[in-house]
Amino acid sequence: MATSATLQPTKWWTGGKSPFNMEYGKLMMWYFLMSDAFTFGAFLISYGTIRFSQNFWPDPNVVFNAFPGAGHANLPLAFVSVMTFVLIISSVTMVLAVHAGHNNNKKEVVKWLFWTIIGGAAFLGCQAWEWHHLITGEHVVLADGKLDIIGQSMRGNPWGRLVPEEQVLAALQNTSHETLLQLSQMGHHGTTGVDHGALSHEQLLKSIQVAELHVREKGPVAFGGYFFGITGFHGFHVFSGVIINIVMLLMTQKGVFERRGHYLMIEKAGLYWHFVDLVWVFVFTFFYLV
Amino acid sequence: MASVNPTTSSTGERVIPKPNTAHIWKTFWILLAVTCVEFAVAFMLISPGAKTMRLAIFVGLTIVKAFYIVAEFMHLKYEVKSLIWSIIIPLLFVVWLLVAMVMEGGSIFVGRGF
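Chains as they are written, first to last, in the numbering used here: chain A, 1 to 290; chain B, 1001 to 1114.
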């Protein structure tokens, strides 16, 4: 058999062997991932369609410019680069775990799976921070002729076009007292001891520095739904991947695969984990770069 | 298949481990380098006139990264031909959907009459 194989290509479809040269479970994982690619593809294409139909879309350099602990510093793409790096590294550690499995090296499998889980958890932590930052952010928008303070949510997007100063000054006159109070407090981060609540309406108006507010129109509402929907669905995949990897780690440690004689389960979990990385490559491009 | 420690093995039968991990790290460096290029483009190619070129570069580099992840990390490159095609061909439907919906988006844009 070995000699005939070297002389002519293997006949995969003549029976007696799996034509795909692959174990059933792994093959089904491939087809599951293909169907998952359809789902993500449909989501991203839907997002692209809506984006193409608009004449304005928020600039990712403006939306994603924050970094934990850096306050209001303008650092576009910095944090998402960390997230991307974490996910690529965790993909590498997963390949190394699969590789160790090929060599039936239980200790190495445990080690690399552990680092993969850490990477996945770190990514989820980053995403949690990013979502929290976007949702709780305080951005001044001009809506219905008056100023308002909103974060990025499913209902509103604060990153429309910049509003010229004259329009802001006019809008200030219609703005509610509570919003004025908030605005005047936003402008004086460092100052303490000033009781803004005690100021009169006119004093509040005077204390607000319009140029510092960076007032924008409201952006397309669809941004929130697509961003939270798609990164959330991806994050859910990362989460379930971490759970699967934890199960794999426990099974490896208990010696289940050692007794079985092979580490094929690690390969299946690995395929799923790489798929998560693959999806992130597309999410990264179409939400953060373009 | 007995557990073989790659460092003590001198039989020459299972000495693949070392070059294989080098291969894995090579893929990692490629992915990292492509991502760095994407960042460079994002910061350097900022003129509004280069918008289409930017998009083309980003999509091209994304496909390069996707290829390396699927081919090397997911090992698809080394599988049987028929399996590779049974995964790739159905995905052409995604490309079809993409083309159709991008055109649809353009039509909605025109219809809105901005």
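Note that these hints are calculated values from the structure, not bench results. Just so you know, not all the hints are guaranteed correct.
What the hints assert, rightly or not - List time: in silico DMTMM-like cross-link candidates among lysine to aspartate or glutamate, alpha-carbon distance up to 25 angstroms:
#1 A:Lys218 / A:Asp144
#2 A:Lys11 / B:Glu1079
#3 B:Lys1081 / A:Asp144
#4 B:Lys1051 / A:Asp59
Said to hold, decoys possible - Pair by pair, the computed Cβ-Cβ distance ranges are:
#5 B:Ala1066 / A:Ala70: 40 to 48 angstroms
#6 B:His1023 / A:Phe56: 43 to 51 angstroms
#7 A:Met154 / B:Phe1067: 54 to 62 angstroms
To be verified - Some chain B residues judged to face chain A by a derived CB distance under 7 angstroms, without partners named:
#8 Phe1028
#9 Trp1029
#10 Ile1108
#11 Val1110
Even glycine gets a Cβ: it sits at the ideal position worked out from N, Cα and C.
Here is what the structure says about each hint:
Note on lysine 218 of chain A and aspartate 144 of chain A: the hinted pairing holds, with a Cα-Cα distance of about 10 angstroms set against a maximum of 25 angstroms. A distance of roughly 15 angstroms separates the Cα atoms of lysine 11 of chain A and glutamate 1079 of chain B; the hinted pair therefore holds under the 25 angstroms criterion. For a cut-off of 25 angstroms, the pair hint linking lysine 1081 of chain B to aspartate 144 of chain A is broken: about 60 angstroms separates their Cα positions. At roughly 12 angstroms between alpha-carbon atoms, lysine 1051 of chain B and aspartate 59 of chain A fall within 25 angstroms of each other, so this suggested pair holds.
At about 31 angstroms, the beta-carbon gap between alanine 1066 of chain B and alanine 70 of chain A misses the expected band of 40 to 48 angstroms. The beta-carbon spacing between histidine 1023 of chain B and phenylalanine 56 of chain A, approximately 46 angstroms, falls within the hinted interval of 43 to 51 angstroms. Distance hint for methionine 154 of chain A and phenylalanine 1067 of chain B: a CB-CB separation of about 35 angstroms, inconsistent with the stated range 54 to 62 angstroms. With 7 angstroms as the threshold, the beta carbon of phenylalanine 1028 of chain B comes within range of chain A, its nearest partner Cβ sitting at about 5 angstroms, so the hint holds.
Interface hint at tryptophan 1029 of chain B: violated, since its Cβ lies 10 angstroms from the closest Cβ of chain A, which is beyond the 7 angstroms cut-off. Nearest Cβ of chain A to the Cβ of isoleucine 1108 of chain B: about 4 angstroms, under the 7 angstroms cut. The hint holds. About 9 angstroms separates the beta-carbon of valine 1110 of chain B from the nearest beta-carbon of chain A, more than 7 angstroms, and the hint is not met.
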